[in-house]
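Visitor: Take the given structure of chain A and dock chains B, C and D to it, following the hints.
Number of protein chains: 4
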Amino acid sequence: MTTFLNDMFQTISERGRALLERRGLQVDRGGADLVKLCESLVSTPGEASGVAIASEVLRRYDALPPDRQVDFLRSLAEQFGADDDRLVRAIHDYMEDPNGRTAGQVHFAAEPRRQELIRRLNLAPAGTASLVSMRVQILDNLREYPELALLDEDFRHLFASWFNRGFLVLRRIDWATPASILAKIIKYEAVHQIADWEDLRRRLEPADRRCFAFFHPALVDEPLIFVEVALTPDIPASIAEVLATEREIMDPMEAKTAAFYSISNCQKGLRGISFGNFLIKQVVEDLVREAPQLETFVTLSPAPGFRDWLDRERRAEGPSAATDADRATLAALDADDWHRDAEKVQAIKRVIMPLAAHYFFRAKDDRGRPIDPVARFHLGNGARLERINWLGDVSAKGLTQARGLMVNYRYVLKDVERNHEAFANSGEIAASSHIRRQLRSNAQPQTPIPTDE
Amino acid sequence: MTTFLNDMFQTISERGRALLERRGLQVDRGGADLVKLCESLVSTPGEASGVAIASEVLRRYDALPPDRQVDFLRSLAEQFGADDDRLVRAIHDYMEDPNGRTAGQVHFAAEPRRQELIRRLNLAPAGTASLVSMRVQILDNLREYPELALLDEDFRHLFASWFNRGFLVLRRIDWATPASILAKIIKYEAVHQIADWEDLRRRLEPADRRCFAFFHPALVDEPLIFVEVALTPDIPASIAEVLATEREIMDPMEAKTAAFYSISNCQKGLRGISFGNFLIKQVVEDLVREAPQLETFVTLSPAPGFRDWLDRERRAEGPSAATDADRATLAALDADDWHRDAEKVQAIKRVIMPLAAHYFFRAKDDRGRPIDPVARFHLGNGARLERINWLGDVSAKGLTQARGLMVNYRYVLKDVERNHEAFANSGEIAASSHIRRQLRSNAQPQTPIPTDE
Amino acid sequence: MTTFLNDMFQTISERGRALLERRGLQVDRGGADLVKLCESLVSTPGEASGVAIASEVLRRYDALPPDRQVDFLRSLAEQFGADDDRLVRAIHDYMEDPNGRTAGQVHFAAEPRRQELIRRLNLAPAGTASLVSMRVQILDNLREYPELALLDEDFRHLFASWFNRGFLVLRRIDWATPASILAKIIKYEAVHQIADWEDLRRRLEPADRRCFAFFHPALVDEPLIFVEVALTPDIPASIAEVLATEREIMDPMEAKTAAFYSISNCQKGLRGISFGNFLIKQVVEDLVREAPQLETFVTLSPAPGFRDWLDRERRAEGPSAATDADRATLAALDADDWHRDAEKVQAIKRVIMPLAAHYFFRAKDDRGRPIDPVARFHLGNGARLERINWLGDVSAKGLTQARGLMVNYRYVLKDVERNHEAFANSGEIAASSHIRRQLRSNAQPQTPIPTDE
Amino acid sequence: MTTFLNDMFQTISERGRALLERRGLQVDRGGADLVKLCESLVSTPGEASGVAIASEVLRRYDALPPDRQVDFLRSLAEQFGADDDRLVRAIHDYMEDPNGRTAGQVHFAAEPRRQELIRRLNLAPAGTASLVSMRVQILDNLREYPELALLDEDFRHLFASWFNRGFLVLRRIDWATPASILAKIIKYEAVHQIADWEDLRRRLEPADRRCFAFFHPALVDEPLIFVEVALTPDIPASIAEVLATEREIMDPMEAKTAAFYSISNCQKGLRGISFGNFLIKQVVEDLVREAPQLETFVTLSPAPGFRDWLDRERRAEGPSAATDADRATLAALDADDWHRDAEKVQAIKRVIMPLAAHYFFRAKDDRGRPIDPVARFHLGNGARLERINWLGDVSAKGLTQARGLMVNYRYVLKDVERNHEAFANSGEIAASSHIRRQLRSNAQPQTPIPTDE
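Residue numbers (this note's numbering), protein chains in the order written: chain A, 51 to 503; chain B, 51 to 503; chain C, 51 to 503; chain D, 51 to 503.
Here are the computed lysine-lysine pairs in the DSSO-like style, where the Cα-Cα straight-line distance is at most 30 Å:
1) A:K414 - A:K399
2) D:K237 - A:K237
3) B:K447 - B:K234
4) C:K234 - B:K237
5) A:K234 - D:K234
6) B:K234 - C:K237
7) D:K237 - A:K234
8) C:K237 - B:K237
9) A:K464 - B:K86
10) D:K414 - D:K464
11) C:K86 - D:K464
12) B:K399 - B:K447
13) C:K447 - C:K237
14) D:K447 - D:K237
15) A:K86 - B:K464
16) D:K318 - D:K86
17) C:K234 - B:K234
18) C:K86 - D:K331
19) D:K86 - C:K464
20) A:K237 - D:K234
21) A:K447 - A:K237
22) C:K318 - C:K414
23) D:K464 - D:K306
24) A:K394 - A:K447
25) C:K447 - C:K399
26) D:K234 - D:K331
27) D:K331 - D:K447
28) A:K399 - A:K447
29) B:K414 - B:K399
30) C:K414 - C:K464
31) D:K234 - D:K447
32) B:K464 - B:K414
33) C:K234 - C:K447
What the hints contain is simulated information worked out from the structure, not anything from laboratory work.
Bound conformation, chain A alone:
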């Protein structure tokens, strides 16, 4: 068999080479030539050779060293824009007679040829995966080469269309999932690192644990985003109780609460395409179907911006949420192992909890949004701020980035839509009555803090 197939593939390869030679593309296998190949790909009238050329482009691109790859991507950004002559003509027609048809012609004339190029590169086997990693390269070099922003916009536009929620598939991840996928779960977990396979097993195998991921049919066995869930009697207050090595496993049909304790995006190349919102809602639906007695859907989330904000408050000389007395108490935080000193911990707690409420309610970025990115995500999805947990995460990471704070955001189905709208339209933050009381009445409005998102 091999001989024959080798022959055939050789033939295909030779035909490919012959084809390229007829187009004068054979000699230099580097970036410049690659651009010509792309030109050939977008300008071919039919698709006859599309698959072959697309494969060749992706193959050669993969073989380039990173800096040559970036050169190539910059060439695409610059040389595959719209056809200016055609665009100017279309604009002229539109200005003469502005209507749906002429506007449509402007739209299609203004479409950068990059988009058609990307669509045609997708013809190659496993093309989508290659395009997703091509975008990683773009994102990594966006700061240095701002011209790549144009190309990035095209990728993002097409990815948003291709990775439309209608095309995503939700799959449960459990201990019977292929190891090749589980290895990626270990790799991509971004919130509470998975130490090893035994750690993973503890998160997947027990009857009161769930994990779900979105997949796209064109990215085989590559999760896009996943969420880990603990079924619990009550709302958990610390990650340690969730991940404890020794703990009692509960009957899932007796759990009252589903706690989403970790949500990780897996594909950097799909940045800006949001899946999390859909994932949470679909998982809630699936859980209700399986265990209808569940009453509470809640997260156990980090507060990744709290420590930085608190440090600024402690340093602040003008009006601040923190009083001088607060600052004195908080000085204890500078000691090592402060969290092991029960007395200090109590003193700090009294000061820090109202400040934390302040952080979530009052601290805004320069676009008027909460400065905590996790808060922005869940509040934007329509969740409400349910509870702030003092020393919910005493791992090194938890202490460093949030002084140990963890937060529960709660999804109350009947309020999700209203919360979402109030937040989107007027920045209103839904919260439990309990947490509202934590908010100091005398806190000052604050200077906005820029966020880079």
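Guide: Chains B, C and D only, in chain A's frame:
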């Protein structure tokens, strides 16, 4: 369980209703209201309620009577174009400083809001299938309401992106395929009708028969296009020998030829998105892998335009491919059952075969292409005209549309690319030497014939 | 690839041949030689060549004409019994010292070598299927060649062990089931014939229809037994209402009753291995899980022995369940189309219903069991006789074998066990109070009627 | 849902209890009562309550402490033998008229009721798995309670029938296999321990590694036996080169050799049911199909009995394979780390290799078989002794049990059958010419050594 889920769905439904009421949309469930709902869908900042609204739009649309559906579609075409103010501003910026960025802004400003609407409708469960059938409605009314052309263009643009070959899945169809899919194969077969399940079984179960279809992950169990293949010792000359009820089944590992005897598109709503080209090439690859001794890949195709063309030639008063003597002979065709009279059949054959060669080589439409649509398809894919088979199809349909002619187009791997290019660039038609000899040397160039494709 | 594999298989085949030659078995490919080959198969110490020899035996057996196959089977029955010398020695030891060990030796010494032979034939690929059809041949010739009974007993013993309920797999059959399996459902349906694929579709596709089958892993895609179920509001009284071409489909979550209207055994070769009992109970469990509001589990069954019994009653001269007046009324049954005459129908009904009750309660075979085989099956499973339906089946078959009667047997979970025991131990027949009233008090005990089961 | 199902299961459970109460079995939940339950299970005429009782027996058995379990098993061995009266009658009939029918009656009368009990216990869901672990308990106590041997024989007899090769399924194990199965591969690997998941990944994921296992449909996700294979250019001489962390991965289509470097049985409860022979042959077939260029199929095997034998030779005072000079050289083996001293290693090698040849060829157990159990397995399967590898395994285990020796057994397809027969019939050992030369001509025949298999 039911009670709980009913409650939950009721809640969702009530929330949906409450949401719509807040937006003043509840009363009229007809088309006008539907337009408002679409407005709401595209203008929502986030996706929080997107799935719910999209589902509601599709549900209500389905419930409308056909004429109200058309009204609704016309409203979309007219009211969901680009934002003219934004577009004019973008054009202004571009004319001031024409560059990639400003051209990109024109592109996005000129994008009809219909496209975003279609993308968001796709959020609904099974949304893609609904959108595909929505386009059927558009196509069916395009002639009467030309304004729908704008909307059609948007659908076609998005479908071309979504149904990119990179997202298609090739699956073998055989006798172990779910009956629900097979029922669709029976329904969609467009070339040689499948009489019943036993007929289907004869095309799928024998060891020397194959069938393959493309599927898209979002259209579950809905074939997009399929091809039926017979593995044979030689190139078959008639459909009767392929579909014979009693025939000897051959060992697939001894077949020399794979004959593609039927290719059917299944989804009218995907008209204009071409799959056939990719399907044939992929099937050839799969067959070679399975049975590497296969040497010849060939179709057994109808000639759907031949009879009409021949009738024109017979009527023609000016220069024509047919001589007066030809016409006299062909008069025999007007008799019933002419094909059962061996003597007439021989006389007609002598006249008709050169005319058929003429039909395929010389008869062009007003765009300079062969007038036979099947010829356009296979020649455009890079196949060559291999053989014309006299009385290859003596079914009522075959006699009516092609006086019984059938054609073999042959895919010679090493020539496909060259043939395709020669055809695409200069209209050159690749053919076997055998068939070239059939072509009468004295035939006149012909007046082009309009085709409606 | 082919060349290589051909070589390899040739090698295997040649090795096989060489092996047989060394044992002097090559020349005659007929039954006698086959017996030698079987001798070789059971007497080989290890399994090294077992698979090859077993395959060869089955291949040659398949190639024999039927009468030679029977000769071969008779040879097995006669020549592959226990080793008498060994058995006599074991018996001697046992009689000297009767204990578990010596009894065990008797057991193994008395085991006919046929059993080991059957186990070793099962080594061949698809061996189980071949053995099942071998038993069909045995059963078909049992009457003519009683010596085959010994062999049949060995098959039955091993099949009972291999097809133990613990190894069976229940699978739902629906419209998405592979056509190859559905074709077998059509073929094997034994109660209410499936006319064609559309008829099948009406039994599988609607939301209120179910079908389940048992499969065994070694008989791929071969159902062993299947049951068709209709979800209905009430207990159905006629098969026509269940199978109506036009009928309203109900929401399965609103059905109160699951009616088992057809149960068919598929494998004649597994006769005597009972699956039906397990199938019904497992299906009830599955249905309850899916639609917990279901309250009533009931069959709609034929009464295949009723007409014969009734005819005997009508002819009977001595004591009988039927009076002379009854007989006079029943004479109307001899007219064609009697069931279309409303007046006659009423008259007959008044007479026939009490007789039917008598038939089910009083008419016994010579082993004291109900003479109706369907009644024996369901009552033996613990169901109760729920209702007798006059003109429940007016098809030709229904009129012929039961004068149109159909019966509902009802499975009341909490009573199944008790009913079963009462029936098994004392022949007591559980029945609804309604049906008890139909039983004429003055009916005479009856002469037992032999049944051939 | 839950409420309803709970009710239903409660009902089942209550019915179960009621049923047991009627039989006076409810009070004591210990072993004695269990025996009564078993009595009830085998003596019930029908299967109506079989599933329920079988489940209850297995549930209660699992809940017993180990010593009570053993008591229960001993009771089965003693109280569920054949019915002596029936057996004596059958024997009488047979002695009167010895024929197939009467011998058959003896066979069935002599069958211990244990067998029927085991078959009925298998009715319970997951019953097969429970029975397999029940046998582990038996095997573990066989030495202490010899009466369990009777029960063990019944289990073994039924398992041999149920786990017939015809019912086994070969599945490839790779990195896409469910983690739950892979965890078992790690656990069951008995030859070269798998350190962790990364070690496992190195054995499964590279293109030149394979792993296959047999499964039985009734033991879901439980491998019965598995083999690990390395595709290599040549016959490997050491396990270190096969398992090296850093090594070059080869194209499987260029490998010439498939080396079986580890074969592990997984189910202690299936001891005595041989799968390895079938596994190797099936894997060879599968590999040839996939990579037809493979020429050599060979093992890399341990020699677990060599060190003990060598120690005996070194101590021996009478005639021995080792000379005094040999013994003097071998004294170096008593030093720690002898294998790191190049000079000693060479000297030892010269002495030990002929002794090793002697070990494999001449050293026999008291049944005349090679004393090395691995040699017995592969030679019995028809392999030949290909090569003895000095210091093929320098792990602690390898040095301890075989002084570092490893062995290649080679499966030459065309010789397998002949080798097997020669070995089985006359103890002849097939070997490469190379290895024959290693055999010292002057070695003495040896005293047989008992083996415990």
